[in-house]
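Novice: Listed below, chain by chain, are the residues.
4 protein chains.
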Amino acid sequence: MYSFKNDYSEGAHPRILNALIESNFEQDEGYGEDSYSRKAIDLIKQRIGRNNIDIHLFSGGTQTNLTALSAFLRPHEAAIAANTGHILVHETGAIEATGHKIISIEVEDGKLNPSHIKAALDAHTDEHMVKPKLVYISNTTEIGTIYKKDELEQISKFCKENNLILFKDGARLGSALCSAENDLELSDLATLVDAFYIGGTKNGALIGEALVICRDSLKEDFRFHMKQKGALLAKGRLLGIQFLELFRDNLYFDLAMHANKMAGLLRDEISKAGFGFLTHSPSNQIFPILPNSLITELQDKYSFYIWAKVDSDHSAIRLVTSWATKEEAVSAFIMDMKKALKCVDMETEVELYQK
Amino acid sequence: MYSFKNDYSEGAHPRILNALIESNFEQDEGYGEDSYSRKAIDLIKQRIGRNNIDIHLFSGGTQTNLTALSAFLRPHEAAIAANTGHILVHETGAIEATGHKIISIEVEDGKLNPSHIKAALDAHTDEHMVKPKLVYISNTTEIGTIYKKDELEQISKFCKENNLILFKDGARLGSALCSAENDLELSDLATLVDAFYIGGTKNGALIGEALVICRDSLKEDFRFHMKQKGALLAKGRLLGIQFLELFRDNLYFDLAMHANKMAGLLRDEISKAGFGFLTHSPSNQIFPILPNSLITELQDKYSFYIWAKVDSDHSAIRLVTSWATKEEAVSAFIMDMKKALKCVDMETEVELYQK
Amino acid sequence: MYSFKNDYSEGAHPRILNALIESNFEQDEGYGEDSYSRKAIDLIKQRIGRNNIDIHLFSGGTQTNLTALSAFLRPHEAAIAANTGHILVHETGAIEATGHKIISIEVEDGKLNPSHIKAALDAHTDEHMVKPKLVYISNTTEIGTIYKKDELEQISKFCKENNLILFKDGARLGSALCSAENDLELSDLATLVDAFYIGGTKNGALIGEALVICRDSLKEDFRFHMKQKGALLAKGRLLGIQFLELFRDNLYFDLAMHANKMAGLLRDEISKAGFGFLTHSPSNQIFPILPNSLITELQDKYSFYIWAKVDSDHSAIRLVTSWATKEEAVSAFIMDMKKALKCVDMETEVELYQK
Amino acid sequence: MYSFKNDYSEGAHPRILNALIESNFEQDEGYGEDSYSRKAIDLIKQRIGRNNIDIHLFSGGTQTNLTALSAFLRPHEAAIAANTGHILVHETGAIEATGHKIISIEVEDGKLNPSHIKAALDAHTDEHMVKPKLVYISNTTEIGTIYKKDELEQISKFCKENNLILFKDGARLGSALCSAENDLELSDLATLVDAFYIGGTKNGALIGEALVICRDSLKEDFRFHMKQKGALLAKGRLLGIQFLELFRDNLYFDLAMHANKMAGLLRDEISKAGFGFLTHSPSNQIFPILPNSLITELQDKYSFYIWAKVDSDHSAIRLVTSWATKEEAVSAFIMDMKKALKCVDMETEVELYQK
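Protein chains in written order, with the numbering used here: chain A, 1 to 355; chain B, 1 to 355; chain C, 1 to 355; chain D, 1 to 355.
Keep in mind that a hint or two might mislead.
Stated by the list, open to error - Using 25 Å as the maximum straight-line C-alpha spacing, the simulated SDA-like pairs for lysine to any residue come out as follows:
id: 1; chain 1: A; residue 1: K5; chain 2: B; residue 2: E328
id: 2; chain 1: B; residue 1: K149; chain 2: B; residue 2: K160
id: 3; chain 1: B; residue 1: K5; chain 2: A; residue 2: R223
Stated by the list, open to error - Take a look, some chain C residues computed to stay more than 10 Å from chain B by CB distance:
id: 4; residue: Q27
id: 5; residue: R38
id: 6; residue: R74
id: 7; residue: G99
id: 8; residue: E106
id: 9; residue: P114
id: 10; residue: A119
id: 11; residue: V130
id: 12; residue: F158
id: 13; residue: D183
id: 14; residue: F224
id: 15; residue: M226
id: 16; residue: E269
id: 17; residue: K272
id: 18; residue: G274
id: 19; residue: A332
Stated by the list, open to error - Which residues of chain B face chain D? A few of them, derived with a C-beta cut under 8 Å, are:
id: 20; residue: P75
id: 21; residue: V89
id: 22; residue: H90
id: 23; residue: G93
id: 24; residue: A97
id: 25; residue: A120
id: 26; residue: D122
id: 27; residue: V130
Keep in mind the hints are simulated off the structure, nothing from the lab. Cβ coordinates follow ideal geometry from the N, Cα and C atoms, glycine included.
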């Protein structure tokens, strides 16, 4: 049984494990003040091309989101997010648990635009309602779509004009930036958003998200918030060593490229086989709409999530690839799909014949 | 410069790194539902000798404390802790940030006893004050002391009689259980306290604390709380693999034994040299009271914390050993101390002579 | 300018002010333990016909909601509410500020039914999402509709079967129970819901909401929660005296009757004039849909909220009546509407003629 | 049985009740935007002698404290308070429930000075601890002592130098400002502290505390915080009308004067009778240390709190006077004390004689 369920089914890229081994007996400072973390942060700053940013290393996405948002917002301020937003759906109310409402915007493609945000602002008129203050977007989104540069520029402009904080969840930022359709650079992000993070866990690390704070007013005392939320690891080096390895050369982007390439192979062949997709996702998550009979067949050998019922005979499934996805597994999946389709067709023909 | 600053200056025990490498490409479930975590939990249950307990794996101590206490307490309920308690002093108000007051009890040796707890209960009489509900103790304590079995039994009895939850912070539980003066078994803990954790980060793991919930009423929906606090790692296997390795045989205890042995060597020699200690700490942290001149001398080659000023000429320092502490480093420290003392003595003699 | 903006534009019913004066110099206990509050609570229990309920007096609705919900829910548990729910829209995130998410259900008439609640439960499947635990309904709803007995029975049954807490916001409970279409008794509520409150502020009191807790497991330590949220008034007698007066005889219901009667007069005449309504509201709030020109005309003499734009020429307004609404003001409004309509008609005729 | 238990045993000053009656049927805006509240705020500003301050009316002290502190502090910031501070002891963890730790300073007289605050700052050195940010003081303190102008100036200077917010709880501010030993003006407060409140509940109002925010950076969006904490009353006029009456002329100060005068009578006579006091309290609370036998005697006719056991034969009691305390009750108490003393003396003599 090969799994396309997610991009965190395996451990870490071997170079990361090697780096852990090589550094293992060096003594260093605790709680993120070690030399590995400092070097990793410097490397990421270089890659972004700016020095006046603060970078903090976290263990996971929910932890990053809840620490950042609770640090950035005053008690009466709320976040705005697409209805698919991870913080809205899949973090067990982590943001609300820190006291903040999230205003949900119904969208089709997982992406916000200025008119969505404006509608949220217009609907919140006085002190009897929360004050919308932070816009939460994800890139890639939770359903695999990506933001184009001009889309992000428009949101950024609107947020600046309306004194809103723009925050980008980058759990799958690698896949977004390496998408064939992407026209954003890492350096653009630091200009366009107030804070974002570079996801490591889903792109080759054991754990690790690098939060980048670009807006000066959001930087103060940030490590206090991390400690308070349990986010400062005693052996913070574990995070530093991993990001150091990922950004020492092009490894971070190479890994994302591989994941996207694997998803692309699946997408192309599924498309050729005549099937459509739930979303336009040029990234490492795809959501093909397949006949239920085919899905059942494929489940014999592959694990993946059934994402949504489309009609009585069809469902969308989610296939996720990662840095660790094996090309032979992808080829085997495609082969098995084709085999199954032949079968299905034959059965259908038989059925038709009998009628 | 060799560091005795803490027990998290190095990486992980090599067997743990090997286990990570060996398992690296196996696909498994996310968020702590992987086979490694399940096996590790089973092993720990066997070691404790009970099956009707729940075990959850966390990344760090502050995260464990804040998740557990906020899950266990209702909004008006408070924790009671010794004034040295980690949650009171060194967690940036993490517990208060989840809404709960901590009642501080002034003690000398870092340990609570029933009369302390009773005093706290007696001082909280009605709904104008918080309701003390949970007793937080640490073993070893933050100043290296340990609880004896009868001490813990008395607290446990008092807590049961007064319907209090007894919670034990076990960030350094290994050192406590392997102390020469210890008479507690891991199995005793599951009987005497309602929840405790087995610290991995300070005893050979990269990260990892295993929370054991013994009281049934505290178990329900606990994973929801973990997720809400950002404590469920996508690659939860990272925690599982480590605890699996630590508890597959006696490794966890062997490592703690080593740390204690190294501290013992330091303690004995410092004692022989005629110095006293701030606390009676038969564990991996010792707090010798040394002349400031000697401290300065030692700081040339060793790093450690100056813990407290004792008088104008003397301070207590903290020396911490770990699974990774090298015996040659300990020997060198002792040697250097002796050398310095000779020096110091000579200077003192000179001074005396000059007077 | 006469105001139909809300039901809290005036002070209190004169009998309440008299009761304050008569009791003014009697010394009594503080923080709700006074004899007035105790008697008021006894009277309400009698009226409800049950003794095994706990009653607590609050200053206002938001305070009641936030204290009750935060006392009733554990950190990972969420409330379910209609999208019109007061806690969702008009309490500045008060519930989220205590840590809890509110799941919004899109409805037309402000009312929830079991299928709505079931959909929310079905959408929350595991620990990566909040756990829906409390159903929040309002009667009257925020848009003037009311729950019929069988509707409430169905919800109640569903909640019991699914171990959900059913909470009813009763800021306008008087108007609901005195509606011509109502078939619920106060005693039914205590059987069908787990907690509800009897709104005083909008029905003759200066301030005051009486929270009734029916389910035993929700009662424990409730006064601690009140104190913690700032809800225990030093002169709690202020609340006790008012509820004592409202429930000493039928005053509470007489006042609600009057409010409903005044709204009924408006509704009938507006209806006769040929206009429709945004909602079917047999209570003290009505939402007629009027031509914008007529609205402008009426705004010369009356203040009220424009609730929603209906089309380019029509808007829904909100007219609210109360215990203090004067019948002559209602008559005058109706008269002025009729006059204006004649005008409007004439103008329209002229316009038509000119075309 | 006459009560000296507290200063909230009666209702309101009759002029306040009259004002409620006179205004009762006037229609006005809700939620504190009514004309009474606006006028009351203007009057208080005039009395303070400054216009660049914001004033908000609350129902009670705990509500004021929790709303202000949670609005003023970021999540990692803590308050510093004397160990007697109301927020530390008697508010059921209300501040912690909003997420903030309170650092307790052990003092004898209920008052903080710069060296106390400095010690707290010095003990909090890095991000592993909370960041002390707000200094909470009470005037009068919870044990009846008052701050002199130079004491407050020193604290104010220290807070400004250290970028700390100085907050003064004024639940009994009237009594403080009308103390024979006071040298502070209301106008001084607005210069020396960043925010304070003028307590109405304990000085003639039914409910009501007027929070004055002097520092500009603390003013923004404050009404959002009030609404979120349930502090905006629908009939906010109830607060406005009362403060309007209290500050229309000198009523607020006349009432405090009376309370202080009554306490003074008690203090003088108790002192003359040869008894000492637990604290030096030139305000409306006194804490005489009396023989237990005398206390028992007095409890037949008077209710008051036994505050502290002093030795095996003596206890301190708390006697509180208010605007409503009757001079004849005070005289009667004094008379009864004298009578009892004679009795006690006789018994003592008998006892002595028998020995």
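Novice: Does each hint hold? Answer for all of them.
Specialist: Checked hints:
1. A:K5 x B:E328: Judged against 25 Å, a Cα distance of about 49 Å means the pair is violated.
2. B:K149 x B:K160: holds (16 Å)
3. B:K5 x A:R223: The hint holds at about 21 Å.
4. Q27: holds (20 Å)
5. R38: holds (16 Å)
6. R74: violated (7 Å)
7. G99: G99 of chain C not clear of chain B: closest Cβ-Cβ about 7 Å, inside 10 Å.
8. E106: At about 25 Å from chain B, E106 of chain C clears the 10 Å cut-off, so the statement holds.
9. P114: holds (23 Å)
10. A119: Holds, because the least Cβ-Cβ distance between A119 of chain C and chain B comes to about 20 Å, which exceeds 10 Å.
11. V130: violated (8 Å)
12. F158: holds (21 Å)
13. D183: holds (37 Å)
14. F224: violated (4 Å)
15. M226: At roughly 8 Å from the nearest Cβ of chain B, M226 of chain C sits no farther out than 10 Å, so the non-interface label is violated.
16. E269: At about 50 Å from chain B, E269 of chain C clears the 10 Å cut-off, so the statement holds.
17. K272: Given that every Cβ of chain B is farther than 10 Å from that of K272 of chain C, nearest at about 53 Å, it holds.
18. G274: Correct as stated: the minimum Cβ-Cβ distance to chain B is 53 Å, above 10 Å.
19. A332: Its Cβ never comes within 10 Å of chain B, the nearest being 50 Å, so this holds.
20. P75: It holds, given that the least Cβ distance between P75 of chain B and chain D is near 6 Å, below 8 Å.
21. V89: With a closest approach of 7 Å, the V89 of chain B hint holds.
22. H90: holds (5 Å)
23. G93: It holds, given that the least Cβ distance between G93 of chain B and chain D is near 4 Å, below 8 Å.
24. A97: Since chain D brings a Cβ to about 5 Å from A97 of chain B, closer than 8 Å, the hint holds.
25. A120: violated (13 Å)
26. D122: violated (12 Å)
27. V130: holds (4 Å)
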